[in-house]
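A.B. asks: All chains should be built: construct the whole structure from the sequences, respecting the hints.
There are 2 protein chains.
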Amino acid sequence: MTVSTESTTDVLIIGAGPSGLAVAYWMAQYGINARIIDKRSTKIFRGHADGLRGRTLELLDSMGITQRILQEGYHAAGLKYWRPDGNGGLKRAGQLRSTIWKSSPHRMALLSQGRIERFFLDVIRDSSSIDVERGVMGESLTYDESLEHDSQAYPITIKLRTLSEEEATPIPNPGTTPYRPARDDLEDLAPKRKHNVGTIETVRAKYLIGCDGAHSWTRKQLNIPFEGSHTDHIWGVMDVVPITDFPDIRWPSSIDSPHGHLLVITRENNVVRFYVPLQEEDEISPSFDRSTVTLDMLRERVKSIMSPFSFDFKICHWWAAYQVGRRLAPAVNKGRMYLVGDAVHTHSPKIGLGMNMSIQDGFNLGWKLALVVKEMAPPSILGTYKSERHQLAKMLLEFDQKWAAFFLKQKKKQDQLELQGLPEANPEDIQAMQDVFRENEMFAEGHVSFYKASLIVDKDSTAVAKHLTAGERFPQALICKQADGQPWWTSRLLNSDGRFRLLLLVGDCRLEDQKSRILALNGGLLALQKRFTPPKQKLDSVIEVKAIHSAPLDDVELSDFPPVLRQFDETTGWDYTKVWSDSECFWDEQCKGNAYEIWGVDRSRGAMVALRPDQYIGWIGELDDVAGVTKYFEGFLHEPRPEAVL
Amino acid sequence: MTVSTESTTDVLIIGAGPSGLAVAYWMAQYGINARIIDKRSTKIFRGHADGLRGRTLELLDSMGITQRILQEGYHAAGLKYWRPDGNGGLKRAGQLRSTIWKSSPHRMALLSQGRIERFFLDVIRDSSSIDVERGVMGESLTYDESLEHDSQAYPITIKLRTLSEEEATPIPNPGTTPYRPARDDLEDLAPKRKHNVGTIETVRAKYLIGCDGAHSWTRKQLNIPFEGSHTDHIWGVMDVVPITDFPDIRWPSSIDSPHGHLLVITRENNVVRFYVPLQEEDEISPSFDRSTVTLDMLRERVKSIMSPFSFDFKICHWWAAYQVGRRLAPAVNKGRMYLVGDAVHTHSPKIGLGMNMSIQDGFNLGWKLALVVKEMAPPSILGTYKSERHQLAKMLLEFDQKWAAFFLKQKKKQDQLELQGLPEANPEDIQAMQDVFRENEMFAEGHVSFYKASLIVDKDSTAVAKHLTAGERFPQALICKQADGQPWWTSRLLNSDGRFRLLLLVGDCRLEDQKSRILALNGGLLALQKRFTPPKQKLDSVIEVKAIHSAPLDDVELSDFPPVLRQFDETTGWDYTKVWSDSECFWDEQCKGNAYEIWGVDRSRGAMVALRPDQYIGWIGELDDVAGVTKYFEGFLHEPRPEAVL
Ligand SMILES: Cc1cc2nc3c(=O)[nH]c(=O)nc-3n(C[C@H](O)[C@H](O)[C@H](O)COP(=O)(O)OP(=O)(O)OC[C@H]3O[C@@H](n4cnc5c(N)ncnc54)[C@H](O)[C@@H]3O)c2cc1C
Ligand SMILES: Cc1cc2nc3c(=O)[nH]c(=O)nc-3n(C[C@H](O)[C@H](O)[C@H](O)COP(=O)(O)OP(=O)(O)OC[C@H]3O[C@@H](n4cnc5c(N)ncnc54)[C@H](O)[C@@H]3O)c2cc1C
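Protein chains in written order, with the UniProt record's numbering: chain A, 1 to 646; chain B, 1 to 646.
Don't take each hint at face value.
Calculated lysine-lysine pairs in the DSSO-like style (CA-CA distance at most 30 Å, straight line) [as the list claims (entries may be wrong)]:
#, chain 1, residue 1, chain 2, residue 2
1, B, K102, B, K536
2, B, K481, A, K303
3, A, K102, A, K481
4, A, K481, B, K459
5, A, K481, B, K80
6, A, K80, A, K411
7, B, K303, A, K481
8, B, K481, A, K350
9, A, K538, B, K631
10, A, K350, A, K314
11, A, K515, B, K91
12, A, K538, B, K303
13, A, K530, B, K459
14, B, K80, A, K546
15, A, K592, B, K481
16, B, K592, A, K80
17, B, K192, A, K303
18, B, K192, A, K192
19, B, K350, A, K481
20, B, K592, A, K481
21, B, K394, B, K102
22, B, K515, A, K80
23, A, K314, B, K592
24, B, K536, A, K314
25, A, K80, B, K159
26, B, K452, B, K102
27, B, K538, A, K314
28, B, K515, B, K631
29, B, K80, A, K592
30, A, K350, A, K412
31, B, K192, A, K80
32, B, K481, B, K350
Listing some non-contacts, in silico: residues in chain A with all C-beta distances to chain B over 10 Å [claimed, not checked]:
#, residue
33, T5
34, A153
35, D188
36, P242
37, I243
38, I249
39, L278
40, Q279
In case anyone wonders, no lab produced these hints; they're calculated from the structure.
For each residue, glycine too, the CB sits at the ideal point set by N, CA and C.
C.D. replies: Here's what the structure looks like:
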């Protein structure tokens with residue numbers, strides 16, 4: 001017997017992979033009435049993606065997650081290449097070194113996707129009652145376009161079915177070793193179902209977010225095509241504890257041998273991931289049937305590629321034959337139904353960006369959606385989700401293609417050489433590879449995003465901050481809290497709590513001139529905050545103002561700053577978190593007092609920067625340009641009705 | 001009706017405060033059959049101690065806990081003094097800066113004791129099935145001396161009673177604000193009892209460890225006196241969110257005003273702790289009845305001391321009138337029954353060392369006890385618990401006395417001055433305070449310990465390591481793992497897993513001479529490991545050998561090192577964790593390649609150091625002195641019978 005129930009929700013998220021969890025994170029932060037479902041009966045514990053790039057780590061830091069990743073994961077900073085030595089063997093032919101650590105404390109980290117999902121689930125639970133409902137799937141989806149422009153209406157109707165254990169359990173994990181989950185994963189080994197098996201729940205929603213991966217059910221329902229390559233790459237992937245005398249087994253390595261190509265990725269503890277291409281993309285007709293791939297087949301391939309070094313393993317935590325094409329959905333939404341992450345774009349695992357793009361997609365859409373649902377901003381800001389993320393997805397696929405084409409070219413050249421005898425690595429080829437890497441590093445790390453001018457990105461920039469660009473991330477620096485001297489990375493202090501931030505780079509606040517400029521800001525900024533803050537909320541709950549001065553900590557008193565920078569609360573007193581100093585910290589040598597230089601801002605005169613809740617730069621201007629920044633916010637923030645009573 | 005049950009355990013720990021948890025940590029690491037009970041129905045959530053010193057953080061790092069403390073806590077690096085300004089007001093008179101960060105990455109952290117207990121409970125649960133049994137108390141204790149020398153016997157008989165909720169619940173927490181526990185504390189809000197209320201369990205134990213605090217029931221059972229001061233200090237302590245315009249409210253501060261003395265301790269989030277002395281120790285007759293102290297009394301005292309600055313609060317998380325004398329138990333054990341932590345020593349909270357000493361006591365005793373229970377070492381090593389920790393407790397009390405006397409003198413001087421009008425701070429007095437502080441800083445931070453020569457500390461040192469001293473902690477440095485380049489602090493890599501460590505500071509392993517020296521070590525060290533490893537265990541499970549060379553990472557191959565440094569396991573392959581490099585790391589500027597300089601070891605020729613499981617230095621010698629180090633281990637390690645079959 002099928003039981004039926006009915007309910008409404010403001011936001012329904014389908015799929016609790018990295019992208020769905022990133023959207024859910026924002027729903028939790030903004031206190032949105034939202035739900036997130038997943039067809040699988042449990043979270044992921046083993047396998048899947050494992051690479052987190054610089055920008056992803058920065059935003060995870062703003063969520064309070066990164067320190068857990070750094071503690072558990074492997075920190076990567078380079079890649080070693082191994083090439084034929086001309087005598088049938090292999091030799092180290094070069095090393096690619098990331099230079100990212102110079103512009104961010106966060107370099108690549110490698111850790112199982114299951115752990116990353118763990119950390120997301122924890123922060124979501126810490127701040128809300130939202131939790132993933134598992135073993136639940138959409139059955140049908142209808143959309144009433146006539147309701148689209150009524151913000152209070154529920155144009156989406158979706159029937160959700162609670163699956164049986166069988167339906168909800170994916171093909172058993174093919175690892176050969178029994179899984180010993182981390183203690184904090186135990187409670188999620190067998191999550192409770194909300195409804196009994198077979199229950200059909202009809203949910204009416206204001207917004208639907210499809211985060212259901214490459215084979216997205218939602219995308220199919222929306223009739224959005226998935227365009228791209230005709231054949232798929234097939235990669236064998238395995239997470240094993242290798243038994244080998246290969247010297248760089250604990251360094252990320254790229255091995256090209258006469259027997260094929262291999263990507264070796266160092267991971268937490270003693271795990272190493274091997275990526276073995278089984279079908280390259282120039283192969284028009286399928287050379288492999290994925291279902292015929294076995295773990296022993298992968299073992300043998302790695303053995304022959306790694307020879308003359310020995311290779312074997314007894315422990316395998318996970319393996320898969322991973323089949324993926326380079327595909328892109330031309331649209332990211334239909335009315336109020338959106339697609340995020342792998343549902344929009346897929347590409348080869350070679351560039352290790354899928355999880356990063358997916359998290360960043362969800363991170364980009366989530367806060368905008370929350371503002372719209374709370375009627376703090378017009379639905380039109382949701383258009384920037386496409387203009388910002390879809391072009392990046394395109395670039396991602398181009399990068400993937402370029403990278404793959406480069407390797408194909410190399411491979412052909414090598415095949416050619418092999419016909420003439422035992423080939424040796426060519427330094428020029430190595431250089432060529434380094435060049436491709438360097439050219440794309442900033443993009444791959446997510447340190448450039450090319451977000452276009454829009455409602456929420458004002459590109460009419462001045463020259464006051466030479467190294468800041470509206471539409472890009474705010475570059476990280478280590479600065480000290482004025483009130484207590486604690487050195488914090490900006491990624492941590494500009495935490496993702498849903499607020500816009502106005503950074504007053506107030507310059508040298510010891511100078512009399514500068515002092516007056518700072519004091520003169522107070523009225524205008526308070527007025528700005530008042531206009532956009534709903535009644536009964538704290539003045540800094542929509543737009544927070546923070547100051548970073550360039551004077552030494554000890555030369556400055558917090559009381560020098562105007563009230564907007566140390567708001568008073570009857571219960572908790574003054575706010576001590578708003579004034580920061582770009583100066584050296586006597587007990588932390590990493591804290592150099594060089595933030596102004598990083599940002600290209602004059603240490604005396606300063607500048608003003610508006611940051612979006614995702615820490616992307618929305619607006620840059622002179623320190624006094626209250627009118628300018630007010631105009632920026634007027635462009636997309638509603639004034640609450642009735643006006644704030646404060 | 002009273003139900004009775006009977007059982008045996010190898011180790012019974014009474015009291016699950018910091019010292020009991022530190023002992024339990026080791027029991028978990030060594031897989032000892034141990035139990036830990038506490039009379040309280042729950043763990044601590046609020047209040048109590050909050051200061052963790054450098055050495056404590058180092059050892060917590062070796063347990064994998066420190067990163068959680070750093071994320072949640074406030075990091076202290078100094079103290080500001082406020083003194084009368086001569087006009088009835090207060091002025092900043094100086095700042096005391098810790099210099100500890102130069103010799104350790106770990107400087108003082110401030111965080112509620114409840115969180116620290118949380119982290120202990122987590123690591124204990126991660127590695128064992130030991131868990132605190134709450135609401136249980138000893139009723140009677142008997143000891144059969146005739147069994148003392150039989151290692152298999154249970155000379156201790158203790159009757160444990162399961163308490164009613166009423167008996168087990170301490171006087172309600174006097175905080176004025178409802179407590180919102182951290183999510184990871186939720187499961188411990190109402191722990192399950194093992195037995196029904198009233199059950200009497202008769203436990204026979206091989207060892208009993210009394211960690212039951214200043215009013216130790218165990219100490220009383222053992223008839224060990226608690227000697228020391230006749231009158232107690234009484235301190236008012238409160239954890240509040242202050243509403244004040246005092247400029248340094250977010251810096252640890254010491255305020256001396258004509259109205260009294262105040263210690264202000266910055267804490268996590270926006271909490272500040274205030275220590276208000278209510279009865280100084282020169283007062284012979286009690287000036288305060290602790291039970292008459294109220295929160296409002298403390299509020300008023302702080303108000304007057306802080307004036308002319310304003311002070312008040314609405315949120316109080318915890319407060320107490322803390323009564324403590326300077327006392328020391330002359331003995332730390334009776335047969336196989338030991339006392340640890342506050343059960344042995346108490347002192348004023350002014351120097352903030354109680355929790356640190358208690359953790360370090362438990363940390364000192366725990367591994368020795370485990371070795372004895374496992375019959376890997378003779379019971380005589382337990383004697384070093386007293387010789388090492390009791391003299392430190394004495395020094396602690398002397399330091400406390402010196403510190404207190406200094407303040408009393410200052411106070412008297414000040415009282416004198418006040419008779420003559422409004423006093424002003426005297427720079428000489430400030431300097432005198434700085435001198436006392438500096439003189440004792442290394443001791444207070446736990447960076448010097450003065451452990452004497454003993455079975456486990458061989459002081460017949462050579463000059464090969466100028467800055468290392470047997471019986472002291474191993475100084476921290478940041479070094480790189482040869483296999484994967486990860487930079488780790490020694491406090492993390494020398495983790496507290498119960499093993500002894502032989503550090504081969506192999507010097508410059510590129511030199512041919514040095515290479516031969518290293519290779520020549522292999523046989524002797526393998527023989528050493530074999531002698532002391534029980535059958536069927538991994539060769540490195542009792543004594544682990546690690547090498548730290550002084551050459552650049554890229555100039556060295558792991559395969560250059562002999563088998564003792566990369567032991568092979570049939571399931572997991574080679575061990576990649578044993579060889580480290582003291583060289584710069586291109587992506588971590590803190591990693592400077594200066595470890596050899598820190599240790600005072602010649603970069604070419606190296607040295608050898610044996611570390612105890614608690615990372616204290618047991619022996620120092622020439623790199624080749626296998627005979628010497630073998631003799632060191634022969635001094636206290638049993639050879640397993642039957643001999644290791646490997
Ligand atoms: C072997 C492998 C290696 C990879 N390596 C990397 C890497 O190194 N770096 C990197 O960045 N990326 C990597 N990726 C890609 C990465 O895993 C994906 O890009 C990323 O997980 C996409 O996130 P997502 O949330 O969009 O989709 P997914 O992670 O696929 O999550 C989709 C979720 O939706 C659920 N779902 C699906 N259909 C429905 C439905 N109808 N109803 C309800 N729920 C549904 C699924 O159960 C799943 O939990 C790898 C992927 C694989 C498989
Ligand atoms: C207000 C305050 C401030 C302090 N500030 C600091 C500071 O800043 N820094 C610092 O280092 N130290 C400080 N201390 C001291 C510190 O709390 C103690 O030194 C430390 O907790 C001692 O640890 P312990 O495990 O030996 O004893 P305790 O923490 O007292 O633990 C004893 C445990 O035994 C249990 N117990 C008691 N009797 C029995 C029994 N008969 N049967 C079973 N269980 C029993 C108790 O319930 C308790 O859990 C402070 C203490 C207080 C109260």
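A.B. asks: For every hint, state whether the structure bears it out.
C.D. replies: Status of the hints after comparison with the structure:
no.	hint	result
1	B:K102 <-> B:K536	violated, 43 Å
2	B:K481 <-> A:K303	holds, 26 Å
3	A:K102 <-> A:K481	holds, 22 Å
4	A:K481 <-> B:K459	violated, 46 Å
5	A:K481 <-> B:K80	holds, 16 Å
6	A:K80 <-> A:K411	holds, 18 Å
7	B:K303 <-> A:K481	holds, 26 Å
8	B:K481 <-> A:K350	holds, 26 Å
9	A:K538 <-> B:K631	violated, 69 Å
10	A:K350 <-> A:K314	holds, 25 Å
11	A:K515 <-> B:K91	holds, 23 Å
12	A:K538 <-> B:K303	holds, 28 Å
13	A:K530 <-> B:K459	violated, 70 Å
14	B:K80 <-> A:K546	holds, 25 Å
15	A:K592 <-> B:K481	holds, 27 Å
16	B:K592 <-> A:K80	holds, 23 Å
17	B:K192 <-> A:K303	violated, 53 Å
18	B:K192 <-> A:K192	holds, 22 Å
19	B:K350 <-> A:K481	holds, 26 Å
20	B:K592 <-> A:K481	holds, 27 Å
21	B:K394 <-> B:K102	holds, 28 Å
22	B:K515 <-> A:K80	holds, 26 Å
23	A:K314 <-> B:K592	violated, 38 Å
24	B:K536 <-> A:K314	holds, 20 Å
25	A:K80 <-> B:K159	violated, 64 Å
26	B:K452 <-> B:K102	holds, 26 Å
27	B:K538 <-> A:K314	holds, 18 Å
28	B:K515 <-> B:K631	holds, 25 Å
29	B:K80 <-> A:K592	holds, 23 Å
30	A:K350 <-> A:K412	holds, 18 Å
31	B:K192 <-> A:K80	violated, 53 Å
32	B:K481 <-> B:K350	violated, 41 Å
33	T5	holds, 29 Å
34	A153	holds, 35 Å
35	D188	holds, 14 Å
36	P242	violated, 6 Å
37	I243	violated, 4 Å
38	I249	violated, 8 Å
39	L278	holds, 25 Å
40	Q279	holds, 29 Å
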